[in-house]
Every structure is written in structure tokens, then in C-alpha cells.
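Read top to bottom, the protein sequences are chains A and B. In this text, residue positions in the first sequence follow our numbering: the first is 1, and each later residue adds one. In this text, residue positions in the second sequence follow our numbering: the first is 482, and each later residue adds one.
If you're looking for bench data, these hints aren't it; they were derived computationally from the structure. All C-beta atoms in this analysis are idealised placements derived from N, C-alpha and C, irrespective of residue type, glycine included. Hints may be right or wrong, so weigh each one.
[What the hints assert, rightly or not] With the C-beta cut set under 8 Å, the calculated list includes, among others, these residues of chain A facing chain B:
#1 PRO311
#2 TYR409
#3 ILE413
#4 GLU466
#5 ARG471
#6 LEU475
[Unchecked claim] Straight-line Cα separation of at most 30 Å, DSS-like style, residue types lysine-lysine; simulated pairs:
#7 B:LYS492 / A:LYS385
#8 A:LYS195 / A:LYS316
#9 A:LYS385 / A:LYS443
#10 A:LYS384 / B:LYS492
#11 A:LYS316 / A:LYS362
#12 B:LYS492 / A:LYS347
#13 A:LYS347 / A:LYS362
#14 A:LYS428 / A:LYS80
#15 A:LYS285 / A:LYS316
#16 A:LYS362 / A:LYS385
#17 A:LYS362 / B:LYS492
#18 A:LYS347 / A:LYS285
#19 B:LYS545 / A:LYS36
#20 A:LYS347 / A:LYS385
#21 A:LYS155 / A:LYS316
#22 A:LYS428 / B:LYS492
#23 A:LYS385 / B:LYS545
#24 A:LYS384 / A:LYS362
#25 A:LYS443 / A:LYS428
#26 A:LYS428 / A:LYS220
#27 A:LYS443 / B:LYS492
#28 B:LYS492 / B:LYS545
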Amino acid sequence: MKLLFEQCPSQSPQVLPPCDIPQQEVIPLPAQLGRKNPPRLPQMSESEVARHYTALAQQVFGVGSGFYPLGSCTMKYNPKINEQVAALPGFTGIHPLQPEETMQGCLEVLALAEQYLCEITGMDAMSFQPAAGAHGEYTGLLLIRAYHLARGDHKRTNIIVPDSAHGTNPASAVMAGFQVINVASGPDGCVDLEKLQAVCDENTAGLMLTNPNTLGLFEKDMTAIAEIVHEAGGLVYYDGANLNPIMGVIRPGDMGFDVIHLNLHKTFSTPHGGGGPGSGPVGCKEFLAPFLPVPYPVSREGSLVLDGERPQSVGKVRSFYGNFLVVVKTLCYLLRLGAQGIPEAAKHAVLNANYLKQGVAKDYDVAIDMPCMHEFVLGLGDLKKETGVSAMDVAKAMLDHGMHPPTMYFPLIVPEALMFEPTETETKETLDEAIRVLAEIRKTASENPEVLHGAPHHTAVRRPDEVQAARHPVLRYRWED
Amino acid sequence: MNNPANLSYTKSHEWLEELEDDVVRIGLTDFAQDSLGDLVFVNLPQVGDEVVVGEALGDVESVKAVSDIYSPVTGVVRAVNEDLLDAPEAINENPYEAWLVEVDNITDREETLSAEAYETHCQTEE
Chain A
1 MKLLFEQCPS QSPQVLPPCD IPQQEVIPLP AQLGRKNPPR LPQMSESEVA
51 RHYTALAQQV FGVGSGFYPL GSCTMKYNPK INEQVAALPG FTGIHPLQPE
101 ETMQGCLEVL ALAEQYLCEI TGMDAMSFQP AAGAHGEYTG LLLIRAYHLA
151 RGDHKRTNII VPDSAHGTNP ASAVMAGFQV INVASGPDGC VDLEKLQAVC
201 DENTAGLMLT NPNTLGLFEK DMTAIAEIVH EAGGLVYYDG ANLNPIMGVI
251 RPGDMGFDVI HLNLHKTFST PHGGGGPGSG PVGCKEFLAP FLPVPYPVSR
301 EGSLVLDGER PQSVGKVRSF YGNFLVVVKT LCYLLRLGAQ GIPEAAKHAV
351 LNANYLKQGV AKDYDVAIDM PCMHEFVLGL GDLKKETGVS AMDVAKAMLD
401 HGMHPPTMYF PLIVPEALMF EPTETETKET LDEAIRVLAE IRKTASENPE
451 VLHGAPHHTA VRRPDEVQAA RHPVLRYRWE D
Chain B
482 MNNPANLSYT KSHEWLEELE DDVVRIGLTD FAQDSLGDLV FVNLPQVGDE
532 VVVGEALGDV ESVKAVSDIY SPVTGVVRAV NEDLLDAPEA INENPYEAWL
582 VEVDNITDRE ETLSAEAYET HCQTEE
């Protein structure tokens, strides 16, 4: 389809009426500050712009279009009531710099959401400042660093990360100034205790772990893992990306985690993808609370205030107090589901993932064939050897059936990986259809693999040239002259 | 697989060519480039940098993932194949021509495999 610049008509439409008030003499800007040429803004009428964006929307696949089993991303349905509540004028009409006594309701939303999320995660305090997941990881690591430094322990420079970790974990650790120590998983896909023990020492600042891990397996030795790290003097960090299957059932705080981040935009049903806004709150145990970012909402003499006087705080990690309206949507979700609905949603996510796994296991190899939590990983290494059909081909073929592909080539420890997370908001009928589609693709792989190499055949955008897109990305429109 | 017999190999899929006494040329094997897929970026050290056996000397990024390149020797980088920075696809096209770095002043090295032993190793990885 054409870009705005390409459809721009040669003559500007007469959208604005002619000026009917006396024109004033304007003092021109100094010449060196002015533009040499007027900006080349597209000249289009409102209807043309509206059509353009509708056409763009028609080419996009979202969770509102169909099944979206993108592993580790928890693409659950986001209830529309969240949007209605977040659009209430009391939430949208405030300014972060207005006096605190005039925004008590908004501060109460933050305090209540903090209380509920602490209850769900087993933490004692939480800050909503981080804008998204990786930002939360970074902030959590700053807490770990501040804790060690406050104790005068300057040697703790290492963060241990399993080889199955989300890529953001090592990246955040490096950003926070740590050295990353990779630890290989055992044959069962879980943390290998002996290997973990071998890398834990007086330089260990902490371990970053997601549980269930990226293979969708619950870390069976969780208590022992936390003990090993604690005994070495390190802290244990919980990457909350995979909280969905355990929320309201078991708590990271009870498994030995000291600090966590959550992805409100995954687990707590606020929209994500396409650049946000997200929210990656950081929760911690009492002993880390003094290090949380400022300001932090506290109750003082019957009213809520934003406390900026916290001498041990790591400081500000974002302007004001994070993406507030995402927290409003989260609180709406929490109140709507309640203490009964939250664990039910988690259990349903596990049920759906296991149902889908069993359904596709007759046609594909499951990387670690055990009961899974919220997601599971297929390893198509043998399929590729037998038929030449890769994980990429299978993923692309799903697009022809109106389904979003799963996460591809992750976790890195599984060759030709496809990672499925159906979430709790899909019906049995949708899962059955996905199983049927994947069986059909498997059959095509044996009978006519060429068809799959060329997939997708029926989408508006076919298979983009990923190599060229990475090597020579075209990121903006270039005028011919 | 066609791994030249005059090169030696690491289990982490780098190849080594002995240029002269205590000078080696290092690259990525055919198996490595095939598993990684189309490469889009290469990060290499600079001339004069020290590399340490078993530690990353650089990394390569494909459309699938970023992977470290592990140094099979401890020494000092004497030359870098800068052409690769603009044309990482050369590694996919001809992995045994597209060398990454040359290292001299070698003080330590890991045990490497012959072409034959490396092929056996690759079969176990598949």
C-alpha cells in the first residue's frame, strides 16, 4: 500500500477557510534559526487520512483479530471495561504536578494496586515507576546493587542468568553495570544445581530467574536454588514475565525471591505490542524497600502523599510515577476477577497450554515432554532434517490460516524452537482449530514442503526479507529529489 | 560437510589456521553459519585488544539470535577482517575464507579438534 507521502495530491485541499481577521505584523525569527524550505507535510483531507489508517489497521494482526499464541508474551484478551474505566475523566483529567490533596483518588488507585499485587506476589512493597518489563528488570537490579553497596560489600559484580532466560535478563544486567555469568540448564530444561553451585561465590550479586521457565516448566528445585544463591550472599530476582500461570496460586515471595518485576501489560490484561504504554512495577521484600525509586506513595496522617525523601533510594527511574493509566486498568482487572477469579485464570492458562500441547504432540516433537505450565516449546530439528521445513516455515504457514505465529527460535537451547502460549482467554474450539491447522501443516510438510517455504500465500504482506530488513533497514520516507 | 583438513576446530564451532609460529587466524565453521542462519551483524575486537581463551572475542547476530564467538587462544589481536563489518553475509557464503581475526603473542590455547573429530562432534550436536 502507498505511504501518506506517496498518495499526497499535488494540490493542497481547501480544508481551512480563508482568513477573515486582520493579519498582524509578525517579527520574523533570526535568519539562522529559520527553515530554509517549508516542511514537506502531506496535504490530505481528513477522510483520506482516516482511510489510510483504516487500511493500515486492516493489514495488522492483533489479539482482536484471532488466535495469538506468542510464547512468553501472554497475549490474553484485554477486557474492554478496563479501557472504559481508564477513560474516566477523574483519571484522565489530572496533572502529576497538581497538589497531592487534590489527587487522593488516583493515589488510592496506586496504593490499592500495590497492596493487591504485593499480596499476589508475596512482596512487601512495590513501585510503579518502571515503564515496562526490561525497565523493571533494570530497576530491580539497581536495588540489588544498592543493597550490597549499602552493606559495604563492593565485590558483588556478577549476575547469574540461566541459558534459557529471556534475552532481556543479561541485557539488563549489563546495563546495570554487572558481569553476566551464564549457567547451563540440565537435560530436564531446569536449573542444574551443581552448575549453579559452581558459579556462586563472594562475587555473586544475584540470580535472575523466571519461574515457570521459558520452556514452560516449573523449576522443581526452586527452594534449593534460592538457598544456594542466598548462602553465597546473593539475592534472587524474579522475572515476572511468566507469572500468569501461578498468579493467586503460589507466590514468588514464598519461593525465596527477594525482588521481582511484573509485566502489567501481560499478566494483568492491559494492551501491549506496538510500543506500549506498558508498566513494569518492581516489588521487593521489606529489607529492600528503602532502595525503591522516589517518589513513593505513603500514607501520612490519614492521607496519601508522594514521599520524595528516601535517602537510600536508587533515585528516579522515570518521570513522575510511571504509566498511571496502565495501573488503573490493572486494578480494574484485579477487582473484576477478585480473589477467586485470579487463580482460576491462572489454572485455566495451564489447562489450555497442556490441552494444546497434547493436541499437537502427535504431529510434532515437544522439546521437553512433561506437563507444562502456561506455555510449551516444540523442537522442529528433526522435521527440518526430514522435510527441509523449518520452524519459520511452520510459523509463516499459520498466518495463512488466520493465526498469529508462536514465538520462534526461542529459547535458544532448543533447535528450531516454536514456543506456544495460548493463554486462558481462548476457547476449546479455538484450540481445536489450532491443532487441526498444525496437523494440516505437518501433512503438507511431508507431501509438498515447497508450499510451506513460500508461505504465507494469502496475507497482505508476504514473507518480508528479514536479512535485508536487518542489514539495510528503510526507516523513513526518502523524497526522490 | 566440507571442513578443510589443514584447519583445527573448537567444540564451540570456531576454526583456527596456524599462519606462523604463535599466530593464528580464527573464523566460524560451516556448521556454525548454517545453524545461525543469515548473519546480519558482526562485532569484532580491535587490533591490539587482548583475547582470552574461552571468553568471547566478539559476537555475530543472525535473524534468529545473537551468539558469542569464543576465543580458542589467549593473545593479542593483530588483524581484523574489517570487510565483514559491512558484509557479514561473506561468512554464510564462504565460512573458511571469511576469517574474523588474527591473533599473535599467544600464551594459552584450548585443545582443538581435527577436521575428522570435529565432524563427529557436529553429528552429536545435530
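Return the numbers of the hints above that this structure violates; sort them in rising order. Violated hints (numbers, rising): 1, 3, 6, 8, 11, 12, 17, 19, 20, 22 and 27; every other hint is consistent with the structure.
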